[in-house]
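Chemist: What follows is each chain in one-letter form.
There are 2 protein chains.
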Amino acid sequence: MRRRGLLGVGLGVGGLALGAGGTVAVDRALSPHEPDRLIPFHGAHQGGVETPLQAHGVFTAHDLRDGVDLAAATRLMRLVSDDAARLCRAEPAVNDQEPELARTPSRLTVTVGFGPGWFERLGLQDRVPTGFADLPSYEIDQLQRRWSGGDLLLQVCGDDALVVSHAVRQLSKTVRAFTTPRWVQRGFSTPMSTPDSPTPRNLMGQIDGTVNPRSGTDDFATVVWADRDAGVDWFAGGTMLVLRRIAMLMETWDELDPHGQELAVGRRIATGAPLTGQQEHDQPDLNATDHSGLPVIPKFSHIARAAHTDRGDRFLRRSYNYDEGVAEDGTADLGLLFAAYQANLTRQYLPVQGRLAQQDLLNEWTVPIGSAVFALPPGCGPDGFLGEGLLR
Amino acid sequence: MRRRGLLGVGLGVGGLALGAGGTVAVDRALSPHEPDRLIPFHGAHQGGVETPLQAHGVFTAHDLRDGVDLAAATRLMRLVSDDAARLCRAEPAVNDQEPELARTPSRLTVTVGFGPGWFERLGLQDRVPTGFADLPSYEIDQLQRRWSGGDLLLQVCGDDALVVSHAVRQLSKTVRAFTTPRWVQRGFSTPMSTPDSPTPRNLMGQIDGTVNPRSGTDDFATVVWADRDAGVDWFAGGTMLVLRRIAMLMETWDELDPHGQELAVGRRIATGAPLTGQQEHDQPDLNATDHSGLPVIPKFSHIARAAHTDRGDRFLRRSYNYDEGVAEDGTADLGLLFAAYQANLTRQYLPVQGRLAQQDLLNEWTVPIGSAVFALPPGCGPDGFLGEGLLR
Chain B
1 MRRRGLLGVG LGVGGLALGA GGTVAVDRAL SPHEPDRLIP FHGAHQGGVE TPLQAHGVFT
61 AHDLRDGVDL AAATRLMRLV SDDAARLCRA EPAVNDQEPE LARTPSRLTV TVGFGPGWFE
121 RLGLQDRVPT GFADLPSYEI DQLQRRWSGG DLLLQVCGDD ALVVSHAVRQ LSKTVRAFTT
181 PRWVQRGFST PMSTPDSPTP RNLMGQIDGT VNPRSGTDDF ATVVWADRDA GVDWFAGGTM
241 LVLRRIAMLM ETWDELDPHG QELAVGRRIA TGAPLTGQQE HDQPDLNATD HSGLPVIPKF
301 SHIARAAHTD RGDRFLRRSY NYDEGVAEDG TADLGLLFAA YQANLTRQYL PVQGRLAQQD
361 LLNEWTVPIG SAVFALPPGC GPDGFLGEGL LR
Chain Y
1 MRRRGLLGVG LGVGGLALGA GGTVAVDRAL SPHEPDRLIP FHGAHQGGVE TPLQAHGVFT
61 AHDLRDGVDL AAATRLMRLV SDDAARLCRA EPAVNDQEPE LARTPSRLTV TVGFGPGWFE
121 RLGLQDRVPT GFADLPSYEI DQLQRRWSGG DLLLQVCGDD ALVVSHAVRQ LSKTVRAFTT
181 PRWVQRGFST PMSTPDSPTP RNLMGQIDGT VNPRSGTDDF ATVVWADRDA GVDWFAGGTM
241 LVLRRIAMLM ETWDELDPHG QELAVGRRIA TGAPLTGQQE HDQPDLNATD HSGLPVIPKF
301 SHIARAAHTD RGDRFLRRSY NYDEGVAEDG TADLGLLFAA YQANLTRQYL PVQGRLAQQD
361 LLNEWTVPIG SAVFALPPGC GPDGFLGEGL LR
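Protein chains in written order, with the UniProt record's numbering: chain B, 1 to 392; chain Y, 1 to 392.
Keep in mind that the hints were calculated from the coordinates and are not lab data. Heads up, some of the hints might be wrong.
[Stated by the list, open to error] Each pair of labels, with its calculated beta carbon distance range:
#1 B:52 <-> Y:75: 44 to 50 angstroms
#2 B:281 <-> Y:329: 47 to 53 angstroms
#3 B:69 <-> Y:52: 50 to 56 angstroms
#4 Y:125 <-> B:177: 53 to 59 angstroms
#5 Y:249 <-> B:384: 51 to 57 angstroms
#6 B:219 <-> Y:140: 55 to 61 angstroms
#7 B:71 <-> Y:214: 22 to 28 angstroms
#8 Y:69 <-> B:281: 52 to 58 angstroms
#9 Y:214 <-> B:283: 53 to 59 angstroms
#10 Y:217 <-> B:324: 47 to 53 angstroms
#11 B:292 <-> Y:71: 49 to 55 angstroms
#12 B:196 <-> Y:197: 47 to 53 angstroms
Glycine included, each C-beta is placed from N, C-alpha and C at the ideal position.
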């Protein structure tokens with residue numbers, strides 16, 4: 001493949017379709033950083049999902065220690081919920097020795113999830129929500145254990161890296177008596193403080209997340225939040241996270257010219273518009289052909305393969321970039337912490353992942369190196385705790 | 001040591017001196033993130049030194065490849081200066097395949113420095129500025145090669161992590177034909193967009209940088225910028241950087257009560273005020289004693305040991321926090337990228353470092369694990385390049 005193979009797929013067309021796309025000015029009006037802004041911790045749903053993307057996201061996974069039973073897991077979740085609630089309202093955690101680092105919340109959110117091992121180790125196999133299961137293996141995967149799996153997820157997001165770092169450490173201390181650390185994945189993005197903020201870009205330069213359901217709509221609720229159909233009552237109001245660590249092969253991606261990059265994606269890089277449209281949110285016309293009868297959006301482009309085939313196979317993308325610097329050979333160690341949230345993983349996520357794993361031009365320049373799934377329980381009230389419906 | 005030893009040093013006193021310090025409210029009015037704000041690349045001095053601290057700082061070190069001679073080093077610096085100037089004015093680098101990531105500068109700065117090996121390998125030993133040399137070994141050091149040394153420094157700072165990441169990658173590509181990567185150190189802080197912004201905190205919770213010379217003053221220029229006294233004309237307008245990676249032993253630090261922490265530092269944690277004062281910028285009274293005749297600020301506290309003994313041993317602190325997550329044992333892998341800038345390293349930095357290495361209560365909870373020094377040449381004009389006075 002590389003450039004030659006790609007061009008074989010659709011260049012005659014795409015090349016004509018692109019025109020002046022590369023010179024369109026990008027106008028990103030970013031919102032100011034608001035250090036005092038709180039995101040409520042308590043509520044029907046956990047924060048950090050419908051919350052507009054913050055500047056920093058840290059995902060940490062932990063494995064339950066041997067001997068942690070239901071009673072201990074309940075204590076653990078009470079402690080985590082209490083500390084998370086404090087931190088999110090800009091108060092120090094219990095036993096917080098650096099209380100000043102909690103005083104500027106900057107849209108801090110703490111989100112908790114349970115991996116498959118949580119249910120197994122606690123003997124809760126019969127309470128696993130419908131549609132929640134590990135992903136199958138894909139041929140494109142080159143998964144590393146150090147970025148995969150985990151019994152308990154803590155997702156901490158916020159606009160101030162110092163505040164996020166402090167919250168992660170306090171929560172890591174809280175869970176340590178019950179769990180061992182499995183991995184930490186740290187990401188960043190350009191913050192969105194409202195649902196109308198511009199869609200952020202990833203490190204390949206692409207606008208990423210255009211087709212997301214819009215926060216606050218019924219559509220969002222249908223796509224993201226589980227209802228009684230989950231098969232287990234406790235999960236109503238929860239959601240399921242698929243977190244994939246996707247390395248970007250920037251060396252070879254950079255060998256592609258901008259037209260080649262746009263054909264691989266199916267969108268213009270400068271504006272995010274589909275190759276058949278003018279604006280980011282224009283609906284792609286996957287059937288459009290040029291004067292030679294070739295598709296304008298290549299059939300194996302990312303958006304053609306990812307496009308949902310019905311209302312059921314959609315999800316919320318809420319991804320962060322990662323950048324761990326320069327590897328020994330001088331190449332970049334960076335990519336995407338791809339985070340997909342949906343009410344039912346098996347029904348909504350798997351069909352799309354299956355199509356992309358089978359055929360997606362972007363697979364040439366991306367390699368999944370980590371993978372984990374978590375069931376995120378619904379939110380809780382001030383007198384409750386996360387997971388109370390499951391553990392009680 | 002630990003808590004007991006510390007208390008032996010000065011608790012009778014300090015305990016009384018602290019009072020309500022822990023409950024003082026912290027009022028941090030942060031400035032908004034300004035995506036369009038440019039910091040000029042060209043000028044008498046390089047950016048990223050007098051520039052108010054940005055939210056993100058990445059330091060990368062590179063070693064010259066064998067065979068790189070003066071002519072090649074000159075080409076290298078022309079290319080780096082050209083790309084840096086473009087990125088800082090929100091234009092893509094030459095050969096930039098993700099040009100959109102350069103469009104929101106967010107106070108991006110690129111700062112270049114030369115390590116001792118740069119001068120040696122290029123046969124420029126007789127042009128080393130007076131006062132520039134590697135640090136001696138200190139007993140407190142546990143230096144690791146992977147965080148130490150380097151022939152060429154690229155320091156990239158800005159308020160948008162995505163923009164910083166992109167700039168680092170573009171510049172790393174630019175230098176790769178001439179150098180091999182040595183290390184990358186990534187840090188963050190709460191941004192200061194003006195010299196009057198509140199002094200940021202480090203991960204121990206301390207306000208860090210109170211005694212800095214104030215940007216824009218003659219004092220700043222005297223402390224930071226080299227003049228003709230540097231012994232080599234080309235270095236006038238430059239400065240010298242000491243970068244120390246200092247691991248914080250948060251587990252044991254957290255075992256200290258807040259009073260113990262304040263005695264170790266010599267300042268109140270909540271306000272940054274010296275134990276003899278009320279406000280952050282109050283002058284510490286190192287001779288003050290309590291009614292028992294014991295010093296209010298312990299003699300081995302950090303500020304007592306670091307306090308300058310004359311005008312000559314001062315420098316600019318412009319440090320970033322680092323946080324690499326949780327180590328295998330569950331403890332935190334975090335600390336400070338301590339960055340000190342001064343006109344003359346030997347004269348200004350060494351006396352302070354010598355006193356601190358000899359005796360500083362904070363040494364109990366901090367371990368230097370990396371160390372590097374760089375001579376940062378003066379700025380250049382639009383037709384020139386960084387290091388032109390040295391290389392021409």
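Chemist: The structure should be examined with respect to each hint, and the outcome stated for every one.
Modeler: Verification of the hints:
1. B:52 <-> Y:75: 44 to 50 angstroms: holds (45 angstroms)
2. B:281 <-> Y:329: 47 to 53 angstroms: At 48 angstroms between Cβs, range holds.
3. B:69 <-> Y:52: 50 to 56 angstroms: The hint (50 to 56 angstroms, Cβ to Cβ) holds, given that residue 69 (chain B) and residue 52 (chain Y) are roughly 52 angstroms apart.
4. Y:125 <-> B:177: 53 to 59 angstroms: holds (57 angstroms)
5. Y:249 <-> B:384: 51 to 57 angstroms: Cβ of residue 249 (chain Y) to Cβ of residue 384 (chain B): about 36 angstroms, so the range 51 to 57 angstroms is violated.
6. B:219 <-> Y:140: 55 to 61 angstroms: holds (59 angstroms)
7. B:71 <-> Y:214: 22 to 28 angstroms: Because 57 angstroms falls outside the window, the suggested range is violated.
8. Y:69 <-> B:281: 52 to 58 angstroms: holds (54 angstroms)
9. Y:214 <-> B:283: 53 to 59 angstroms: Holds: the Cβ-Cβ distance is about 56 angstroms, inside 53 to 59 angstroms.
10. Y:217 <-> B:324: 47 to 53 angstroms: violated (39 angstroms)
11. B:292 <-> Y:71: 49 to 55 angstroms: holds (51 angstroms)
12. B:196 <-> Y:197: 47 to 53 angstroms: Once the Cβ atoms are compared, 29 angstroms apart, the range 47 to 53 angstroms for residue 197 (chain Y) and residue 196 (chain B) is violated.
In summary, the numbered hints that this structure violates are 5, 7, 10, 12.
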